[in-house]
Amino acid sequence: MEPLLEVRDLRVEFPTRRGILTALDGVSFSIAPGEVLGVVGESGAGKSMTGAAIIGLLEPPGRIAGGQILLNGKRIDNLRYDQMRRIRGREIGAIFQDPLTTLNPLYTVGHQLMETIQTHLGLDGAEARRRAIGWLEMVGIPAAAQRVDSYPHEFSGGMRQRVVIALALCAEPKLIVADEPTTALDVSIQAQVIALLKGLARDKGTSMMLVTHDMGVIAETADRVAVMYAGRIAEIGPVREVVKHPKHPYSVGLMASIPPLDRKVDHLAQIDGSMPRLSAIPRGCAFNPRCPEVFARCLVERPVLLETGATRAACWLYDEASEKRAPEAMRHG
Amino acid sequence: MAESPVLEVEDLVRYFDVSRPWLQRVLAGEGRRTLKAVDGISFSIPKGTTLSLVGESGCGKSTVARLVVGLYRPTRGRVMFEGVELERARAVAEQRRRMQMIFQDPYASLNPRWRVKDIVAEPIRAFGLTTGAQQQDRVAQLLTQVGLSPLDGEKFPHEFSGGQRQRISIARALSSNPDFLVCDEPTSALDVSVQAQILNLMKDLQVRLGLTYLFISHNLAVVRQVSDRIGVMYLGRLVELAPAETLFTAPRHPYTRALMEAIPDLEMTGRQRIPVGGEVPSPISPPSGCPFHPRCPLANDRCKAERPGLIPARGTEQSLTACHAVEEGRDGGVPAAQRIGTTATAL
Amino acid sequence: MAATSSALGRMLDSDLWWSFKRSPITVASAVVALICVLGAVLAPLLAPHDPFDVATLNLIDAFKPPAWAAEGDATYPLGSDDQGRDVLSAIMYGARVSLLVGVCAVAFSLVVGVAVGLLAGYAGGAVDGLLMRIADIQLTFPSILIALLVDGVARAALPPAVHDRIALFVVIFAIGISAWPQFARTVRGSTLVERNKEYVLAARVIGISQLRIMLTHVLPNVLGPVLVIATLGLSNAIISEATLSYLGVGVPQTQPSLGTLIRIGNDFLFSGEWWIAIFPGIALIVMVLSVNLLGDWLRDALNPRLR
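Chains as they are written, first to last, in the UniProt record's numbering: chain A, 1 to 333; chain B, 1 to 347; chain C, 1 to 307.
Keep in mind that the hints are not guaranteed to be accurate.
What the hints assert, rightly or not - Here are the simulated lysine to aspartate or glutamate pairs, EDC-like style, with alpha carbons at most 20 Å apart: (1) A:264 with B:228; (2) C:197 with B:185; (3) A:204 with A:172.
Claimed, not checked - With the C-beta cut set under 10 Å, the calculated list includes, among others, these residues of chain C facing chain B: (4) 200; (5) 203; (6) 206; (7) 208.
In case anyone wonders, no lab produced these hints; they're calculated from the structure. Yeah, the Cβ is synthetic: ideal placement off N, Cα and C, and Gly gets one too.
So that you can see chain A by itself, here it is in the shape it has in the complex (with noise of 0.2 Å):
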């Protein structure tokens, strides 16, 4: 199938007094009509700049170095500003961990979706606005006949982010970036957001691609899962192969730091050291200092995505021409 989303060799740099950081550096993937792309890493791995760059909205003075991004099979990385406007909420929809940033504190919320709805979608006031209760009943809200003519204020958290969620799918995009929805939330209110969204993804049919730290929302929400480590993808797969037979020895890492709900363990599996800032990546791949798979060829050259079976990984290890080692030892270790 064609997919609606490619990224293709995304490179984002940042002019500094120090010279140029390289924040996202080889960055591609693909996301197919439907699907729930999950992209997880830790802070300053890059995650949130790749949805950035996608709906046009880095932060200056980063700007796309090189690459491309096509929608439907048309590059975007090169719109204008203006032109990007139009693509943003018609065709991508966005929804970012703070719903205080994307409502206008001014106007009601359903003020806010049928302009949305409006514009997009050009129909005329009565319609928009039978719409917009639509969405507010649909992502949730009660009595939202009512609650339709509230200000963002007069909502709770968890409920504004329902109506950010529905300001995102109003105009009914083909994809949505979706950046650490739930981040804000807690745990229960988080759960319900989730669940939200993947029925929603699931039911219209909408391309989302979910940025997050969470694991575990990733493991409960996405189809496939790219892993991310200063701002290069290090592994992407299947998100059950990924979570349960990571094959890159930063998601093996990673999958094994995360404390088990099921029981009480003596030490932790734990990744020494912590990721390099993006002045000082180290030459060959970026997670060499803290491997226990480290070998020659990863101080060097910087390994390209490799076929694992199931995943890719960006890992001399599954390189033929590499000295072979398995990395199932240090799993349990």
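For chain A, the structure is supplied; the task is to place chains B and C on it using the hints.
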């Protein structure tokens, strides 16, 4: 467990006055408003063990942490540190030295204008423990103990990552040789792989130094790894207090169960779970009776009217629950095998 | 990244120095401001004449136009005034007085304002309410009015001999007292943020005294904006002093500041001897403008939210 508790909290209450300024109040014709952050909780922590308080934001767990180290004064109730009333204990430097606190945000808990060595040495100086070369050696030893280099002492906090900063916070907290450490969400601002480092370090230090912890967190999986006993808080009250294993294998309070049910897991059973409906009510006007009743599937008229006390649960006596349904046996008894999510590591 | 250990190394490596170098206007203002300060401070060494040495004054040299004019005299580069004083030298000595009053006034309001702001922000409650209402009330009066009031009261209350002796301090006090609320408000705002930060709580947990926390923890972290206000306040203070002196209530006649010079020159402005007023005026504008531009840059450079 026979040892006397390091910390005892009895019917602790803390209200905050969140009224608007007097003039606005008069103009709007409204009265004073009180936020009941902590509303009558009791627990004790035996020496060398960890008690964790879990709950969602606004449940009052951080307020308890601050009450326990004397940052807030209780509105009512008592905090006893080794059998001495907290305020009297804290009046003595030697007692104050023995309690320390680790905070959530590693970016705000270190003074950005101070060098790391001065940050770590502040308690040493405050209590006059050592001076001069001895003090330098002590700082170097503390930094090594938490996995940093003695040379890091010369640097400023901004030169470190979040995990390293949290190590500095721990080194600082340990510098006065405390016995009791209050840890307020010490890992929730950290990435998961770094979180594992810090949790391992804290467990290791507890064994080596015989520390007693009060651990505050919203993350049940983290809490399971570090706790001996766990208290679940909701709207300023303890709804369940149980040994860690019991809480996870046989959660009794409907809220505890809902909380565990809501955690996304890595098992991917594809099961349709029923998230608990509604949201946490405002602690300014909490519901009458049991604070959980508007969201509770087991609520009846008694729950709406009468506040339940924290009593041993029918069936699992080591668990204390504040629930009329559990007391009356309306909760279906001890769950045979509560299904709890497993994770990738279990495979 | 090489770790720079020396203080100079850290300074040259800092973001502040970097943003300074990148802004030509800022570098130019810094150079101009430096020239003004050096010219003023080193006036006794650099000035061609001593305008206060009555022995060297000669009424024959009065009203000489600037050196480049037809009747100009090279010994008086910017001309001379009605007493035969060299205008350039008078400007240098006058700038000295203006700067002295400005710096002292700012220092005075800074100390008062920072202390009040720190106390109000850290103590909160009734103390905060009281101090900030006082600041609010004072802010409703124009600062020049307060300065005039203070000066007037001092004049009326003190015998003339005493007043002349302490006139300079009266002016400093008058200008300084009118500017403290700005410092107090800013410091209070930053203190409110800092006092709830966890590093302050950590210090409270081990029982560090409140005064010590205020001075060693909070104070260093609220000084950034203070530096900006102080710089911008310096140019305001210089202008206030010039205004007071222009109105004839400022510094004593024996120590003329730039404002005094402009007032004296004003009498001759329309009788052809324009240079007596215009050159001190230009000196005042250049000095104030350069300090102001430096302050603007500092404000932008220290505000992390703009970056």
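Do the hints match the structure? See the list:
| no. | hint | verdict |
| --- | --- | --- |
| 1 | A:264 with B:228 | holds (11 Å) |
| 2 | C:197 with B:185 | holds (15 Å) |
| 3 | A:204 with A:172 | holds (9 Å) |
| 4 | 200 | holds (8 Å) |
| 5 | 203 | holds (7 Å) |
| 6 | 206 | holds (5 Å) |
| 7 | 208 | holds (6 Å) |
In this structure, none of the earlier numbered hints is contradicted; all agree with it.
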